[in-house]
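As a plain string of letters, each chain reads:
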Amino acid sequence: MKKIIYSITATLSFLGIILTQSALPAFAVDTAGGQKLINETSRIQNQATHAAEKQTNELQGIISRANSLITNRITTLNTLSTRIQNDNRLSTSEKSSLSSDIQTDISGLTALKTKIDADTDVTTARADEKQIITSYYVYAIFEPKMRLLITLNNLQTVSSNIQALVPQLQNLINTLKSQGGDVTQLQTVLTDVSTQLQTINTTLTSDITTVEGVSTTSSSGAETTFSKVREDISQIVRTDFAKIRTDFSQMRPLFKELITKKPSGTPSQAAPSQTVPSTTVASPSAAQ
Amino acid sequence: MDQQQGDSQAPQQPSAQPTTPASTPDAATQPPAAPATPPATETPSPTPPPMSSSLPGTGTPLTPPATEAKPKSKGMLMAIIIIVVILIIAAGVGYWYMSSHKAQPMAMAPQTTTVNKVVPPTTPTVAVTPVTAANVDQTLNNTDSTVQQAVTQANTDLNSISNINSSQDSTNSL
Numbered sequence: 001m002k003k004i005i006y007s008i009t010a011t012l013s014f015l016g017i018i019l020t021q022s023a024l025p026a027f028a029v030d031t032a033g034g035q036k037l038i039n040e041t042s043r044i045q046n047q048a049t050h051a052a053e054k055q056t057n058e059l060q061g062i063i064s065r066a067n068s069l070i071t072n073r074i075t076t077l078n079t080l081s082t083r084i085q086n087d088n089r090l091s092t093s094e095k096s097s098l099s100s101d102i103q104t105d106i107s108g109l110t111a112l113k114t115k116i117d118a119d120t121d122v123t124t125a126r127a128d129e130k131q132i133i134t135s136y137y138v139y140a141i142f143e144p145k146m147r148l149l150i151t152l153n154n155l156q157t158v159s160s161n162i163q164a165l166v167p168q169l170q171n172l173i174n175t176l177k178s179q180g181g182d183v184t185q186l187q188t189v190l191t192d193v194s195t196q197l198q199t200i201n202t203t204l205t206s207d208i209t210t211v212e213g214v215s216t217t218s219s220s221g222a223e224t225t226f227s228k229v230r231e232d233i234s235q236i237v238r239t240d241f242a243k244i245r246t247d248f249s250q251m252r253p254l255f256k257e258l259i260t261k262k263p264s265g266t267p268s269q270a271a272p273s274q275t276v277p278s279t280t281v282a283s284p285s286a287a288q
Numbered sequence: 289m290d291q292q293q294g295d296s297q298a299p300q301q302p303s304a305q306p307t308t309p310a311s312t313p314d315a316a317t318q319p320p321a322a323p324a325t326p327p328a329t330e331t332p333s334p335t336p337p338p339m340s341s342s343l344p345g346t347g348t349p350l351t352p353p354a355t356e357a358k359p360k361s362k363g364m365l366m367a368i369i370i371i372v373v374i375l376i377i378a379a380g381v382g383y384w385y386m387s388s389h390k391a392q393p394m395a396m397a398p399q400t401t402t403v404n405k406v407v408p409p410t411t412p413t414v415a416v417t418p419v420t421a422a423n424v425d426q427t428l429n430n431t432d433s434t435v436q437q438a439v440t441q442a443n444t445d446l447n448s449i450s451n452i453n454s455s456q457d458s459t460n461s462l
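First to last, the sequence lines map onto chains A and B. Under the numbering used here, read the first sequence as residues 1 to 288, first letter to last. Under the numbering used here, read the second sequence as residues 289 to 462, first letter to last.
It should be emphasised that the hints constitute simulated quantities derived from the structure, not laboratory data. Please note that the accuracy of each hint is not assured.
Okay, derived cross-link-like pairs now, EDC-like style, lysine to aspartate or glutamate, Cα gap no bigger than 20 Å in a straight line [as the list claims (entries may be wrong)]:
no. : chain 1 : residue 1 : chain 2 : residue 2
1   : A       : K243      : A       : E231
2   : A       : K177      : A       : D192
3   : A       : K256      : B       : D432
4   : A       : K115      : A       : D192
5   : A       : K243      : A       : D192
6   : A       : K36       : A       : E53
7   : A       : K177      : B       : D425
8   : A       : K54       : A       : D119
9   : A       : K228      : A       : E212
10  : A       : K261      : B       : D425
11  : A       : K243      : B       : D425
12  : A       : K228      : B       : D445
13  : A       : K95       : B       : D445
14  : A       : K177      : A       : E257
15  : A       : K243      : B       : D432
16  : A       : K54       : A       : D117
17  : A       : K113      : A       : E58
18  : A       : K54       : A       : D121
19  : A       : K130      : A       : E231
20  : A       : K130      : A       : D117
21  : A       : K113      : A       : D128
22  : A       : K95       : A       : E212
23  : A       : K256      : B       : D425
24  : A       : K130      : A       : D119
Here are the in silico distance ranges between beta carbons for each label pair [as the list claims (entries may be wrong)]:
no. : chain 1 : residue 1 : chain 2 : residue 2 : range
25  : B       : T444      : A       : T199      : 56 to 62 Å
26  : B       : N451      : A       : T49       : 43 to 49 Å
27  : B       : S388      : A       : D117      : 42 to 48 Å
28  : B       : N451      : A       : S68       : 29 to 35 Å
29  : A       : S96       : B       : T444      : 56 to 62 Å
30  : A       : N78       : B       : S387      : 45 to 51 Å
31  : A       : K243      : B       : N451      : 25 to 31 Å
32  : A       : S96       : B       : I374      : 20 to 26 Å
Nothing here was measured: the structure is a model prediction, and the numbers come from that model. Here a beta-carbon is modelled for each residue, glycine too, at the ideal position from N, C-alpha and C.
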């Protein structure tokens, strides 16, 4: 009986020792393992520090680049503003309207700069930096739009000036006609001037409306519109105004001839010294 | 509250009211100088408190007589009138303000974004002197020069538009 008890005790003791031995390594904190843990922690800390440094540098880079982008744009806008203020063909209301648009962009960009300077994380700063471009499109849309509007308004002013001249010329032609002069050729030329002006005004009015409708916050479609308007301006400048200038050059000698050689023989206002009565009245066929 | 009590008690003490005049002064409570004053001057003075308190069967003190309540009610009346006038004026001002700032339709209108209204190109006022036989040549010459300048400026503007580096607005590098 005692033997059995001894043997059971011995077996249990043996099993206990084996179990203890097998379980110990799991809970063991030997010096080598602790050092490993410390090293691992240190490595993670270093990695975190490097990541933080990297993020800070990246943030500073974004802020610096954004400031440069904004400064360039504000400089461009100020140049544009000066161009508008110095333009003597633009009316006061046109200047005011265009300058107001420019000032709105300058204010917006300045506010965006303040926000970016205060940004603390890379993601926000990057998103704000994109806004410098996508909310304004200063170079792709805004500046071309402003310059096109300036040009269109300038041409419209010139067109209006000529338009105001037409009735005056018509009056003079009528006067000369009433005095017996052959004004057929003059009338044809003046009619052509009116026709050209009508074409110019129609195109300019349409283009101004189109350009004003271009959104500066979306780049889609703007390029096509600008291209078409530039073609229109080229057409107006190279063809329509060129024709008007040709008409003027034709009118001047015709007027001179009619004034200096009046059929009634009265001295003309333009050339009082030339009192030679016009004995040779240009026949209609010759005038044409 | 006190006045209400006084009003309700007044009919219960008919003898007390007639005795209030100075014909029945309490010698014990009067100061020595009191007899020097003529009785006529004492008539408007209120009933002395000792008199009322000494009346048997009256637990509550006598309310001040009508002669004392008169100035109070006058003042109160004035105050009420002033308040009413102020209220009327305030209501009038309020009505005027509401009617003049009637912006209800605007408030209900859909909110619109503020867009810089592009002023339609106004026709510039052209100061054209009457074209006569004497100045027609000069006028045409000047106008031609003006057109030439405008054409030159337009060409310059078109060139400057061509020179705009729109790639600066590319977001690819960001």
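To see whether the hints hold, each was checked on the structure:
1. Taking the CA atoms of A:K243 and A:E231, the gap is about 17 Å. The hint holds against a cut of 20 Å.
2. Between A:K177 and A:D192 the alpha-carbon distance is near 18 Å, which keeps this suggested pair within the 20 Å criterion.
3. For the proposed pair A:K256 and B:D432, the alpha carbon gap of about 16 Å is at most 20 Å, so the pair holds.
4. Our distance criterion of 20 Å between C-alpha atoms is broken by A:K115 and A:D192, whose separation comes to about 58 Å.
5. About 8 Å separates the Cα atoms of A:K243 and A:D192, which keeps this hinted pair within 20 Å; it holds.
6. At roughly 25 Å between alpha-carbon atoms, A:K36 and A:E53 are farther apart than 20 Å, so this suggested pair is violated.
7. Of the pairs offered as hints, the one joining A:K177 and B:D425 holds, with about 17 Å between alpha carbons and a cut-off of 20 Å not exceeded.
8. Restraint check for A:K54 and A:D119: the C-alpha separation of about 16 Å stays at or below 20 Å, so the hint holds.
9. Distance hint between A:K228 and A:E212 is fulfilled; the C-alpha atoms sit about 14 Å from each other, no more than 20 Å.
10. As the CA atoms of A:K261 and B:D425 are separated by approximately 15 Å, the hinted pair is consistent with the 20 Å bound.
11. Between A:K243 and B:D425 the alpha-carbon distance is near 18 Å, which keeps this suggested pair within the 20 Å criterion.
12. Of the supplied pair hints, the one linking A:K228 and B:D445 holds, its CA atoms being roughly 15 Å apart against a limit of 20 Å.
13. Between A:K95 and B:D445, the direct Cα distance comes to roughly 16 Å. Compliance with the 20 Å bound is thereby established for this hinted pair.
14. Only pairs whose Cα atoms come within 20 Å are accepted, and A:K177 paired with A:E257 is accepted, the gap being roughly 13 Å.
15. For the hint linking A:K243 to B:D432, the alpha-carbon distance of about 11 Å falls within 20 Å, and the restraint holds.
16. In summary, the hint linking A:K54 to A:D117 is supported, as the alpha carbons are separated by about 18 Å, within the 20 Å threshold.
17. Between A:K113 and A:E58 the CA atoms are separated by roughly 17 Å; this keeps the pair inside 20 Å, and the hint holds.
18. With a C-alpha separation of about 12 Å, the suggested pair A:K54 and A:D121 falls inside the 20 Å cut-off, and the hint holds.
19. Only pairs whose Cα atoms come within 20 Å are accepted, and A:K130 paired with A:E231 is rejected, the gap being roughly 32 Å.
20. Restraint check: the Cα-Cα separation between A:K130 and A:D117 comes to about 14 Å, which is no more than 20 Å; the hinted pair holds.
21. Taking the CA atoms of A:K113 and A:D128, the gap is near 9 Å; set against the 20 Å cutoff, the hint holds.
22. As the CA atoms of A:K95 and A:E212 are separated by approximately 14 Å, the hinted pair is consistent with the 20 Å bound.
23. With a CA separation close to 7 Å, the supplied pair A:K256 and B:D425 stays within the 20 Å bound.
24. In summary, the hint linking A:K130 to A:D119 is supported, as the alpha carbons are separated by about 14 Å, within the 20 Å threshold.
25. As the Cβ distance of B:T444 to A:T199 is approximately 23 Å, the hint placing it in 56 to 62 Å is violated.
26. The hinted range of 43 to 49 Å is satisfied by B:N451 and A:T49, whose Cβ atoms lie roughly 48 Å apart.
27. Between B:S388 and A:D117 the CB atoms are about 45 Å apart, so this pair conforms to the stated range of 42 to 48 Å.
28. The hinted window of 29 to 35 Å between B:N451 and A:S68 is violated, with their beta carbons roughly 21 Å apart.
29. Range check, A:S96 to B:T444: about 23 Å between beta-carbon atoms, so the 56 to 62 Å window is missed.
30. Range check, A:N78 to B:S387: Cβ separation about 48 Å, and the 45 to 51 Å hint holds.
31. Between A:K243 and B:N451, the C-beta spacing of about 29 Å keeps the proposed range 25 to 31 Å intact.
32. Taking 20 to 26 Å as the suggested C-beta distance range, the pair A:S96 and B:I374 does not conform, at roughly 48 Å.
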